[in-house]
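Novice: Listed below, chain by chain, are the residues.
There are 2 protein chains.
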Amino acid sequence: MHLEDCESPVERSCCLIELDANDGGNYDIVNDVSSPAAGDCCSRQSSASHNWEMNYQEAAIYLQEGENNDKFFTHPKDAKALAAYLFAHNHLFYLMELTTALLLLLLSLCEAPAVPMLRLGIYVHATLELFALVVVVFELSMKMRWLGFHTYIKHKRTMVKTFVLFVQFIEAIVVLVRQTSHVRVTRALRCIFLVDCRYCGAVRRNLRQIFQSLPPFIDILALLLFFMVIFGILGFYLFSPNHSDPYFSTLENSFVNLFVLLTTSNFPDVMMPSYARNPWSCVFFIVYLSIELYFIMNLLLAVVFDTFNDIEKKKFKSLLLHKRTAIQHAYRLLITKQNLSGISFKHLEGLLRFYKPRMCARDRYLTFKALNQSNTPLVSLKDFYNFYEVVGLKWKAKRNREHWFDDLPRTAFLIFKGINILVKSQAFQYAMYTVVAVNGIWILVETFMLQVYGVELLLKTTGLGPIEYLSSGWNFFDFLVTLFAFLGLLTLAFNMEPFYFIVVLRPIQLLRLFKLKKRYRNVLDTMFELFPRMASLGLTLLIFYYCFAIVGMEFFAGIVYPNCCNTSTVADSYRWLNHTVGNKTVVEEGYYYLNNFDNVLNSFVTLFELTVVNDWYIIMEGVTSQTSHWSRLYFMTFYIVTMVVMTIIVAFILEAFVFRMNYMRKNQDSEEDNGIVLEKEIFKEEMVAVTELYKINCATSEVAQLQKIITQMIKYEQPSMVFLGRRSRTKSDLSIKMYEEEIQEWYEEHARKEEYRQRQEDLPFSNNPLKPLGLRQRSQTVI
Amino acid sequence: MHLEDCESPVERSCCLIELDANDGGNYDIVNDVSSPAAGDCCSRQSSASHNWEMNYQEAAIYLQEGENNDKFFTHPKDAKALAAYLFAHNHLFYLMELTTALLLLLLSLCEAPAVPMLRLGIYVHATLELFALVVVVFELSMKMRWLGFHTYIKHKRTMVKTFVLFVQFIEAIVVLVRQTSHVRVTRALRCIFLVDCRYCGAVRRNLRQIFQSLPPFIDILALLLFFMVIFGILGFYLFSPNHSDPYFSTLENSFVNLFVLLTTSNFPDVMMPSYARNPWSCVFFIVYLSIELYFIMNLLLAVVFDTFNDIEKKKFKSLLLHKRTAIQHAYRLLITKQNLSGISFKHLEGLLRFYKPRMCARDRYLTFKALNQSNTPLVSLKDFYNFYEVVGLKWKAKRNREHWFDDLPRTAFLIFKGINILVKSQAFQYAMYTVVAVNGIWILVETFMLQVYGVELLLKTTGLGPIEYLSSGWNFFDFLVTLFAFLGLLTLAFNMEPFYFIVVLRPIQLLRLFKLKKRYRNVLDTMFELFPRMASLGLTLLIFYYCFAIVGMEFFAGIVYPNCCNTSTVADSYRWLNHTVGNKTVVEEGYYYLNNFDNVLNSFVTLFELTVVNDWYIIMEGVTSQTSHWSRLYFMTFYIVTMVVMTIIVAFILEAFVFRMNYMRKNQDSEEDNGIVLEKEIFKEEMVAVTELYKINCATSEVAQLQKIITQMIKYEQPSMVFLGRRSRTKSDLSIKMYEEEIQEWYEEHARKEEYRQRQEDLPFSNNPLKPLGLRQRSQTVI
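Residue numbers (the working numbering), protein chains in the order written: chain A, 78 to 860; chain B, 78 to 860.
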């Protein structure tokens, strides 16, 4: 359908209901033709509105793509693709994707070598695997239908996924046919199914960031290894004549031990034999550690941190510009030929119905009002650029009633008012802190205080109202802490043995004291903000763990057991002796045989121990003594991989904290951060006009909703009602404020590029530079 | 003396020799009165010029104070103070200070418990100590004479030093009287003598920075310890029922082991007993490590890094403003009543004679020309603000002769010219890199290549001239590397056993390959830039080591020996068994008894091992088993102190690198950094005029110097000569460029404050806001 469709007067009478500005800033919604009977219009509008519906939907898709950072070349190109797109873009489908991926990953619990309790027959787990893979095939076929064959094979991640799927399929069938498991290192590739999930977008971003940080990382790593080699040769020359020194006996030993020394894991031990012979040999180790550990390792962090900073800014820039382009695309779909200067409420309403189906009619109108900063009835492109900032607001009527108990009878009101004042007073705050501090002293001997917290919680809940109470992050924190402490008290009272440890959670109460100091508030606020990103980084680490766990299980399962490594230098740690001294049985346990790769869970624990890097060489040497010295490659690779991820995590925490502190320094006035708040007033006449509009469109539920608000206004005899839009501040908001000046440059540069591109395309749009895109033109031929 | 003194015509005839601007930018130096016979003036000027000399000296002192960041309240107030100031401010005095401090520190090598080879009798070392202390008393008395009693007792560092001196004196006398050493923990305070040295300014700055970073550090540390306590109690409840778990048997054990776990030093071991019993107990340790090690520890770094950044900027700001104030003070001393608008060459020359006595007459004039940016004969205050930037320049005549061999005979010239072109060509560069790379492969089997490097070195030295060759940092690096490699070759050729290890330094040649890549150049350039600061940070760390070493020796000397700790959990590490299996003697050595506090050197090695924190609990437990469990306090305190210093070092490397990268990004055009270069042209007439001036002042050596330049000009028939001033870029230069905009604000704010302060003082200076300061007024009464 083309914009010209709207020019027909019949359509216009239904479609283009517009708002005219009154000078008082007070709006009336008028139809520009005398409105026909509502029922009449409802039946007549169908075909034109159907075409408009397509536009709304496509605009909503554009905006979603902008928000999710999906590239526009994956934009559905025709109605068939659109159907597939819609099928593949809802939470049911996403959940299916996620469960399939998780099922595939969890299968490794049941496949040999399995966790003993969860072992399944080969038939069972191979069938389960085949089933999951079929589901993935179905998902991929939907994706192909939506993307089209050409885009599909150009999309790298999807192609890798298809390839892995193919390999897994063959393997699963081979397992079923042979009725026995073979070496299946490829199971490590199953992670790709999880990574490709819609819900794992953050993990994908992390992985991308890790890969982008790799080049500088590898450079410095080369420097690190270079010095290691030089010192390795030097150490071999210096210490190999000493036969009581096993660490430098061969060149290979020398390198391996210096690699381990990088992690400090074998430190004084590796020095001791030579130090015992000549005290000055410590200089070699001190110089090595100073250069490698204290200088180059920190330089590594600095380089990664710097790259990370740079990438973060670039990412923010590209996302910002992507969103802007998405908004431009959506805008072009929503304007009409008559009104090139903006979007009318009707069309914005249509868009929002698709973009945020759960939004109620009132909020849609409020969003329109919040976007519309000029007093015209249209939202201009400039206004529309704020779409993402405004659409996230949660609207709430601003109460004239200040407290939740204002409607209660007089006596109750006075009581609650008193509690309210008490709870809000500074004295109460500090009294409570004192209680906490006193409790800190008594905590180990007394449980009485807990009841005080209970009373405080009760007082606060009644004084502020439960919703207001819990809406503050800090109050919620108090609530949780008190809840845990209560649980502890309960277990103590009822003497429930297995949950006894909850008792110990009571000192967590003390955490509340940390609120008192501004720096802790900063730190903890940053922590809360970081949490989602930290979780996704943790998940990324787990995905690496999974790959290494599978590989480790395939090669090292079952090779480590008590007394296995008596030929190696770390025999003591694997010893398990049960000998009798006098008439007492003495058990000598080295315990390290527990750090094995016998099943997925054990592997994960072992890998975590390797991540911590202390004494990891004992695990490495144990495994090496049972296999070949090539196994060391596995452990060293794992060390380097975790080093990369850990460095990124450190850089990330650094960046987030420093960014926040810089932001705070720049905006010292607005220290107390209450999120973003917007206030909008709606007059009764406007409300009536909007209601009329919905009546014409036969949207009865919306009409009822709006009618209720009007009734309320009449009841309280208010000419208008004020609504508050509120959302918490995101990193993006902070970035926008931080880079304020640069952003303008980016926009200008972007606009210049766009203009240049358009001129290249040589379009004869002089008066109307807006060109309908993609689906829009094609949909005309299809519908 | 007052400015009015200059108004007398006699004086003016000698003092005020001024430069008048010619319109061609060509200067003539003219005396404003017809100059009397030179000899005549020389005898007549003495008293006036003596007064001016005082001004020059005081201005030079102000500028030195500005450069060294000495506060102005320590400025000498009268002639006696000035004499003391001059006595205490020269390199001889500084060296004496340093040697005394080092002597005192080194005494701990000879005092019981001494390094066996260096043991001295009590009489000897106590007498040495007394002697050193007497020297310190002399130094302090000079300082008191210069500062005056009131300023002296207000200066905190000096007061602490006096107090420590007093204590040390008493102790040394007690030792001499009793003829035996007693517990002398106070020896740890000897560091203050080193810290107070003029040459240890960087160490003082580091210490100040560490103390400034402490408050946020302590806050996060409290959070860290808080979680440790909670987990300690929880761990005790959870794991104490397991009797095979020694790590959580008591609450104290639980805390200590979790503290050690913070450093990961006992990691898988501390988990193993409970993990063997119930695999899920690993969750406790994983959660603990994730929160403490991976989150809070990184947060600690972030907080310190942020504080560090902030402090660096503030420090830069205060130093910049301090320098500016110093320049203002000096300026007021150098202007005359006739010429309020600036400083004439004569006075600048006088200042420079005191400020930089080694500067030659030519450079003094060039400095004047470089400062003077207007074409007037006077340096205005605005010009004078650049004093510190200009005075550091090294001046060199810009050669018309391009190469050092231009003066040689024709044949030799052609040969050298050819070598010059060859050496500068890209092909030669890459050929050399290829050689290095090939050598990298052959390095272990061949020594031949080294001769190639020798030839290259020879070629480059002859082609570029030795000075030009070595003036480039990278060439110098090549030179050093090749020198080391040569030494290696020599040892190989002459088979010198003890220096055999130098052979292995040959692979360092490969470091040259790293020059090829831009990132390495950045990293290595940053490294070179960082080096002085790193060294001073290392020294700061050593000072902490010294304190802890003394305390450690006093309490733990001689308590650790082979088989000492058989009752502790770490007995194995201290075992030394010599038993016979069959007919072979097997030595079982734990070696850890070598990590003791038996003398200063051993203590330093032990403390380094504690710094690396791997297996440090073995050392701690060994000592604890021989003393009381309070000894743990020593080790834990040491861990926290090194953690502070190490975090600062990391923050420092981070800051320096990120700063440099940001700078590079901001100035992408001026990527190749050749330092700061200034070009100035001097005409023959100017030179003659300046020479005349020196003739009047009877400065024969300067006259001869200048005459030589004039002769040279005449010889080459040049009307003028161009000089290049050059110095390397410092962090301060980078900062000035980075904070360009902010600096203007700082200056304005500073000026506003100054103005306000002056108005407070209510001085009736309306036409002449410049007020003579301190010494100047008082000197009138004295002289």
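No lab work stands behind these hints, which were simulated from the structure alone. It should be emphasised that the depicted structure is a prediction, and the values quoted were computed from it without experimental measurement. It is possible that part of the hints are untrue.
Treat identical chains as interchangeable: a pair holds within one or across any two.
Unchecked claim - Subject to a maximum C-alpha distance of 25 Å in a straight line, what follows is the list of computed BS3-like cross-link-like pairs (lysine-lysine):
#	residue 1	residue 2
1	Lys595	Lys433
2	Lys830	Lys743
3	Lys154	Lys475
4	Lys594	Lys391
5	Lys785	Lys501
6	Lys390	Lys743
7	Lys392	Lys743
8	Lys743	Lys501
9	Lys743	Lys233
10	Lys154	Lys808
11	Lys391	Lys595
12	Lys785	Lys390
13	Lys148	Lys459
14	Lys661	Lys772
15	Lys743	Lys772
16	Lys220	Lys494
17	Lys392	Lys757
18	Lys390	Lys814
19	Lys808	Lys792
20	Lys595	Lys390
21	Lys233	Lys154
22	Lys595	Lys392
23	Lys761	Lys594
24	Lys494	Lys394
Novice: Quick one: Lys594 to Lys391, C-alpha cut-off 25 Å, is that within a copy, between copies, both, or neither?
Specialist: between (35 Å within a copy, 24 Å between copies)
Novice: When Cα atoms must be at most 25 Å apart, do Lys390 and Lys814 count as within-copy, between-copy, both, or neither?
Specialist: both (13 Å within a copy, 22 Å between copies)
Novice: Cα distance capped at 25 Å. Does Lys391 pair with Lys595 within a copy, between copies, both, or neither?
Specialist: between (31 Å within a copy, 21 Å between copies)
Novice: Classify it for me, Lys595 with Lys390: is the Cα-Cα distance of at most 25 Å met within a copy, between copies, both or neither?
Specialist: between (28 Å within a copy, 22 Å between copies)
Novice: Within a copy, between copies, both or neither: which one fits Lys743 and Lys501 at a CA-CA cutoff of 25 Å?
Specialist: neither (30 Å within a copy, 50 Å between copies)
Novice: When no copy is named, should Lys595 and Lys392 be tagged within, between, both, or neither for a Cα gap of at most 25 Å?
Specialist: between (31 Å within a copy, 24 Å between copies)
Novice: Which holds for Lys392 with Lys757 at a C-alpha limit of 25 Å: within a copy, between copies, both or neither?
Specialist: neither (33 Å within a copy, 47 Å between copies)
Novice: At most 25 Å between CA atoms: does that hold for Lys743 and Lys233 within a copy, between copies, both, or neither?
Specialist: For Lys743 and Lys233, the Cα distance exceeds 25 Å both inside one copy (42 Å) and across copies (35 Å).
Novice: With 25 Å as the alpha-carbon cut-off, assign the pair Lys761 and Lys594 to within, between, both or neither.
Specialist: Close neither inside one copy (47 Å) nor across copies (70 Å); limit 25 Å.
Novice: When Cα atoms must be at most 25 Å apart, do Lys494 and Lys394 count as within-copy, between-copy, both, or neither?
Specialist: Cα proximity of Lys494 and Lys394: none, with 49 Å in one copy and 52 Å across.
Novice: At most 25 Å between alpha carbons: which applies to Lys154 and Lys475, within, between, both or neither?
Specialist: So Lys154 and Lys475 fail the 25 Å test inside a copy (44 Å) and across (69 Å) alike.
Novice: Between Lys785 and Lys390, at a C-alpha cutoff of 25 Å, which is it: within one copy, between copies, both, or neither?
Specialist: neither (47 Å within a copy, 59 Å between copies)
Consistency with the previously given hints fails for numbers 1, 3, 5, 8, 9, 10, 12, 14, 15, 16, 17, 19, 23, 24, ordered from lowest to highest.
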